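Trainee: In case you want the letters, here they are:
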Amino acid sequence: MDDLNLLGPQLALLIGAGLIIIVDLLLPIVSRQAYQGRLPLLSGLALLAAAGSLGWSLALVLTDERGEAFDGMISVDDFTLFFNFLFAAVAGAIVLGSVDYLARHRFQGEYLALILIAAAGMSLMAAGTDLIMIFIALELQAIALFALVGISKNESGSEATLKFLLLSAISTAITLYGMAYLFGLSGETSLDGIASYVANTDENRSALVLAAVFLTAGLGFKMAVVPFQMWVPDVYEGAPTPITAFLSVASKAAGFAVVMRIFLAALGEGLITTDWAYLFAAIAAVSMTLGNVLALVQGNIKRMLGYSSIAQAGTILIGLAAVAAEDPQLLLGTSSVVFFLGAYAFTNIGAFIAIIAISHKIGSDQIADYAGVAKRSPLLAFALAACLFSLTGFPPTAGFIAKIYVFNAAVQADLVWLAIIGVLNSVISAYYYLRVVLNMFARDPETDEAFTPSPYLGAALAAAVVGLFAIGIYPTPLIEASESAARVFS
Amino acid sequence: MDSVDLEHFLVIGAILFGIGLYMSLAKRNFVGVLIGIELMFNGVNLTFISFSRFVESAEPLNGHIFVIFVITVAAAEAAVALALAVLLYRLRDTINVDQIDLLKW
Amino acid sequence: MLPDWGQVGFLLLIAIMFPIGGIGSSWLLGRIRMRPDYPDRIKEDTYECGVETEGPTWVQFNFRYYYFALLFVIFDVEAVFLYPYAVSGERLVVVGLIEMLTFVGILFIGLLYAWRKNALEWT
Chain A
1 MDDLNLLGPQ LALLIGAGLI IIVDLLLPIV SRQAYQGRLP LLSGLALLAA
51 AGSLGWSLAL VLTDERGEAF DGMISVDDFT LFFNFLFAAV AGAIVLGSVD
101 YLARHRFQGE YLALILIAAA GMSLMAAGTD LIMIFIALEL QAIALFALVG
151 ISKNESGSEA TLKFLLLSAI STAITLYGMA YLFGLSGETS LDGIASYVAN
201 TDENRSALVL AAVFLTAGLG FKMAVVPFQM WVPDVYEGAP TPITAFLSVA
251 SKAAGFAVVM RIFLAALGEG LITTDWAYLF AAIAAVSMTL GNVLALVQGN
301 IKRMLGYSSI AQAGTILIGL AAVAAEDPQL LLGTSSVVFF LGAYAFTNIG
351 AFIAIIAISH KIGSDQIADY AGVAKRSPLL AFALAACLFS LTGFPPTAGF
401 IAKIYVFNAA VQADLVWLAI IGVLNSVISA YYYLRVVLNM FARDPETDEA
451 FTPSPYLGAA LAAAVVGLFA IGIYPTPLIE ASESAARVFS
Chain B
1001 MDSVDLEHFL VIGAILFGIG LYMSLAKRNF VGVLIGIELM FNGVNLTFIS
1051 FSRFVESAEP LNGHIFVIFV ITVAAAEAAV ALALAVLLYR LRDTINVDQI
1101 DLLKW
Chain C
2001 MLPDWGQVGF LLLIAIMFPI GGIGSSWLLG RIRMRPDYPD RIKEDTYECG
2051 VETEGPTWVQ FNFRYYYFAL LFVIFDVEAV FLYPYAVSGE RLVVVGLIEM
2101 LTFVGILFIG LLYAWRKNAL EWT
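Protein chains in written order, with the numbering used here: chain A, 1 to 490; chain B, 1001 to 1105; chain C, 2001 to 2123.
Everything labelled a hint here was simulated from the structure, so no lab data went into it.
Check each hint, because a few of them may be wrong.
Unchecked claim - Here chain C is said to cover these stretches of chain B; the calculated rule only asks that three of the stretch's residues, wherever they fall, bring their Cβ under 8 Å from a Cβ of chain C:
{"#": "1", "segment": "1066 to 1073"}
{"#": "2", "segment": "1077 to 1088"}
Unchecked claim - Using C-beta positions, here's what the derived DEER-type ranges look like:
{"#": "3", "chain 1": "C", "residue 1": "Leu2011", "chain 2": "B", "residue 2": "Val1004", "range": "13 to 23 Å"}
{"#": "4", "chain 1": "A", "residue 1": "Ile473", "chain 2": "C", "residue 2": "Ser2088", "range": "52 to 62 Å"}
{"#": "5", "chain 1": "C", "residue 1": "Ile2032", "chain 2": "B", "residue 2": "Val1011", "range": "43 to 53 Å"}
{"#": "6", "chain 1": "A", "residue 1": "Pro396", "chain 2": "C", "residue 2": "Ser2088", "range": "55 to 65 Å"}
{"#": "7", "chain 1": "A", "residue 1": "Ala34", "chain 2": "B", "residue 2": "Ile1019", "range": "45 to 55 Å"}
{"#": "8", "chain 1": "C", "residue 1": "Pro2003", "chain 2": "B", "residue 2": "Leu1061", "range": "28 to 38 Å"}
{"#": "9", "chain 1": "B", "residue 1": "Val1004", "chain 2": "A", "residue 2": "Gly72", "range": "26 to 36 Å"}
Claimed, not checked - Taking lysine-lysine pairs in the BS3-like style, the calculated list, with each CA pair at most 27 Å apart, reads:
{"#": "10", "chain 1": "A", "residue 1": "Lys153", "chain 2": "C", "residue 2": "Lys2117"}
{"#": "11", "chain 1": "A", "residue 1": "Lys163", "chain 2": "B", "residue 2": "Lys1027"}
{"#": "12", "chain 1": "B", "residue 1": "Lys1027", "chain 2": "A", "residue 2": "Lys153"}
{"#": "13", "chain 1": "A", "residue 1": "Lys153", "chain 2": "A", "residue 2": "Lys163"}
{"#": "14", "chain 1": "A", "residue 1": "Lys375", "chain 2": "A", "residue 2": "Lys361"}
{"#": "15", "chain 1": "A", "residue 1": "Lys153", "chain 2": "A", "residue 2": "Lys361"}
Small disclaimer: the values here were computed from a predicted structure and weren't measured.
Beta carbons are placed, not taken as given, at the ideal position from N, Cα and C, and that holds for glycine.
Could you put the whole structure together from the sequences, leaning on the hints where they help?
Mentor: Written out as C-alpha cells, the structure reads:
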C-alpha cells in the first residue's frame, strides 16, 4: 500500500484517463443527448484528475513521504515531486486551453484521456530510477503524443505525426541501444547499480562513452536539441496548437528530467563526467545559435516558437554542462536547470494559450496577420507580449531570473565562453520576439472589431501571466524548490 | 574457433541495428521504414539477451524482462504507425515518405 | 565440437540432396529426351487440381483485415506478460493476482473501446 501511496500522483492521472474513456464509451447508451453535450463533463473529469494529482503530490510533501517504491523501480524524492507538480499543472492548463478546440472536434474523450496519460508518463519519467521503468514511461508518453499530434486527422496533422513518430521511434531504438550497453557493462538495470559500477571502474571507458553518446543522441530528440531537432518546426506547425504547447513545455521538461536522472544519478561520478560535459556544452552552443537564427526568418508564429524552443533547450543545456564541469557539491547547474524548466513552463504555456486565443479569432497563424491585435484585444496582446518578454529574458519576468541563474551557473563552472554565447543569443532572440510585439502594438488592424478570449482560455492565461510575474518579482520559493530538487543528486 | 562467445552475439546485434538504422533512414516506403525500426529493436533485444546470458550479474533476469517490455512496446508503436499508414494512404494515396512534404522549413 | 554437430550436418546434407536430386534428375532426363515432355495449359496451371485462379496476384485486400490484424497483434503481444506471471504465480500470491487482474482489466477497457467504436464489426 505504501507503494501505491507514493505512486498516487501518477495513478490519479491514469485513473482519470480510464474514467474519461469509460464515460465517453458508455454515455451514448444512457442518452444520445447527454453524449452530444459531454464536453463539460469530460473536461471537468480531466481537470479533476489533474487537481487530484496536484493534491496528492501536496499531501506527499506535507506528510513528508519519500522513498523508493516497487522494488526500486521508482523513487519519490524532491526531484520527482517537483516534476509531479509541473506536469499535473501543465496538463490542467492544456485541458483548459483545449476546450475551445475540442468543441469543434469528434474525439473529445480520447483527446483528454491521452493528455492525462501522457502527463502520467512524463511524471513517471522523472520518477523512474530503473532503465526498464524509464523506457516504459518514455514510450507511454511518446505513444500518447503520437495520437495527440495526429488527432485532427487532416493532411498536415498526419504528416506531422509521420515525422514525429518515425524520428521518435528511431531515437527510442538508439536510446535502448545505449541502455543495453550500460546493462551489459554493469550487469544492472537500476541507476544505483550502474552508478556504483561507473564510480568504481577504470576499464571499458570507450564502451561507456559509446553508451553515453547513444543515450544523448536518443534523449536529445526528446529535449529537441541540435542535431536532433529536425522534427520540431514541422510537428509544432502541424499539431493542434494546445498539443504544440504540451510538446514544447511538458515533453521537453520530461526529456530533461530523464537526462538529469540518468546522467547525474548513474553516470555522475567517475570516468566519463568531463566527456559529456563538453558534449553538452557543444550541443548547447549549436542549439542556441541555430534555433535563434532560423527563428528570425519564420513567418508562422507556431514555427517561430518551435525554433525558439530549440534555442531555449540549448540555454537549458548550459545548466547541464555546468553541472558536469563544476564541483559536484555546488549543484548550481542542476538547480538552475530545474528552475529554468519551471519558469519556462509558465512562459511558454502563456504564450501558446494567447496564440490559441488570438489565432482562433483572426483565423491565421501568420505573424503578419497579428498586426494591430493590441487595438482589438488589449489584454490578450499584453499577455502575449509579457510572455515574449519573458522568453527574451527581460526583467521583471520569470525568464530574466531563469537566464541569469543558468548563465551564473555556467560562469561558476568556468564555462564563461558558453555564457557569452548565451547572452549574444538572447540579443538575437530579442529581434524576432519583439517583432511580434511591434506588429501587435504599432500597426493598425484591418478591422476594429474587438474580441475577448473564452473564460477557460482566460483563466489559464491569467494563471500563466501572474505566475510569470510572481516568479520574476519574488523568485525565492521556486529557487528553494529547485535547490531541494537538485539536492537529490548530491 | 571452438565456441560461440558474447562477442559474436554483440556483433550480430550491432549488424542488425546498423541495417535497421540504414533502412529507416534510406527507405522511401513508410512500411519499409517501420521494418527498419523493428530491426533496430531486434538488434537491441539480441544485445540485451546475450548480455543477460553472459555477464555476471546480481539480477541476471533483468535483461530478459527488458526484452519482453521492448517487444510489447514495439508492437504498440507499430499499431499506431500502421493506423497512421492507413490514414495517410486515404488522405494522400501514397505512403511514400518523400512525397509527404506539405510542411517545409 | 565437430563430432557433436557432425550428425546434424550429415542430416542437413541429406535433406538438401533430396530435393536437388529429384529436380536435377528430372531436368537431366528431360535434356536427354528419356522423359516424355508434352506441355499442356492445364498442366501448367498454378493449382492443377484446385480452384482456378482468377485475376492478378497483387489485388488490394479489404482494409478491414488490417483493423483485425492490428487488434489481434496488440492483444496477442500483451498476453506475453501472462507467461512470466503463470510461471511465478505461486510466489506472488494475492498481490500478483490483483496486479494481473488490473492488467487484464486495462486490456478489457481496450476491447470495450474497440467494441463500442464498431471496430469489431465487419460491415
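Trainee: Evaluate each hint against the coordinates.
Mentor: Hints, verified against the model:
1. 1066 to 1073: holds (count 3)
2. 1077 to 1088: Three-residue rule met by the segment 1077 to 1088 of chain B, so holds; n is 5.
3. C/Leu2011 - B/Val1004: 13 to 23 Å: Hint holds: Cβ distance 20 Å, inside 13 to 23 Å.
4. A/Ile473 - C/Ser2088: 52 to 62 Å: 57 Å, holds
5. C/Ile2032 - B/Val1011: 43 to 53 Å: At roughly 49 Å between Cβ atoms, B/Val1011 and C/Ile2032 fall inside 43 to 53 Å, so the hint holds.
6. A/Pro396 - C/Ser2088: 55 to 65 Å: 59 Å Cβ-Cβ, so the 55 to 65 Å window holds.
7. A/Ala34 - B/Ile1019: 45 to 55 Å: Given a distance of about 53 Å, which is inside 45 to 55 Å, the answer is holds.
8. C/Pro2003 - B/Leu1061: 28 to 38 Å: At 34 Å between Cβs, range holds.
9. B/Val1004 - A/Gly72: 26 to 36 Å: 33 Å, holds
10. A/Lys153 - C/Lys2117: Measuring from Cα to Cα gives roughly 17 Å; hence the hint holds.
11. A/Lys163 - B/Lys1027: 14 Å, holds
12. B/Lys1027 - A/Lys153: Satisfied, since the Cα-Cα distance of roughly 24 Å is no more than 27 Å.
13. A/Lys153 - A/Lys163: Holds: A/Lys153 and A/Lys163 sit about 14 Å apart, inside 27 Å.
14. A/Lys375 - A/Lys361: 14 Å, holds
15. A/Lys153 - A/Lys361: It holds: about 22 Å lies between the C-alpha atoms, which stays within 27 Å.
In this structure, every one of the numbered hints holds.
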